[in-house]
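Enquirer: Sequence:
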Amino acid sequence: MEILIVRDDSEGRQSIIDIALDAGFLSENIRATASEAESLAIMRSFVPDMAVVDPHLTKDERFENGLNVIRKALQFNRQCIALCVTLRGERELGVRAFQAGAKDYVDLSWPRINGWELLRQKLQVWKGVLESREVQGSQAHQDPL
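Residue numbers 19 to 163, in the numbering used here, belong to the letters of the sequence shown in order.
A portion of the hints provided could be inaccurate.
[As the list claims (entries may be wrong)] Dumping the calculated DSSO-like pairs for lysine-lysine here, alpha-carbon to alpha-carbon at most 30 Å:
no., residue 1, residue 2
1, LYS140, LYS121
2, LYS121, LYS90
3, LYS90, LYS145
4, LYS145, LYS121
5, LYS90, LYS140
The set of hints was computed from the structure by calculation and includes no laboratory data. No experiment lies behind these values; they were computed from the predicted model shown.
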């Protein structure tokens, strides 16, 4: 299971990598980038099964270029599970993320919630979905005799 993590700040990116490892993803299956351009370049040779993407990959909040990464990941793999992860706390941003093709949205700034723990739990759940897809795919190709 290949996972792409896209976040512009290195500390946040490393935190998500650590959470993905804790959720059971293998380090050799994780790619992490800081920009839309870097992500698109990597996806030419690395097709993610899951993408965890910050929607704002620049300091200018008018640009939601992370949503472009979600759209492109889905072009490379229609079954890619994309999660939008932000610190900005905007419900409308969640709507735009879902419109771009995200399957989930995590706002790390929600009060009274440990957003990083919530992200870990969501990664575990979506990893289970990916694993069940693999099992179903292998069963479909088994010889019935």
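Enquirer: Does each hint hold? Answer for all of them.
Expert: Now the hints, each set against the structure:
1. With a C-alpha separation of about 11 Å, the suggested pairing of LYS140 with LYS121 holds against the 30 Å cut-off.
2. For the proposed pair LYS121 and LYS90, the alpha carbon gap of about 14 Å is at most 30 Å, so the pair holds.
3. For the hint linking LYS90 to LYS145, the alpha-carbon distance of about 20 Å falls within 30 Å, and the restraint holds.
4. Of the supplied pair hints, the one linking LYS145 and LYS121 holds, its CA atoms being roughly 13 Å apart against a limit of 30 Å.
5. Note on LYS90 and LYS140: the hinted pairing holds, with a Cα-Cα distance of about 22 Å set against a maximum of 30 Å.
The earlier numbered hints are all upheld by this structure, with none contradicted.
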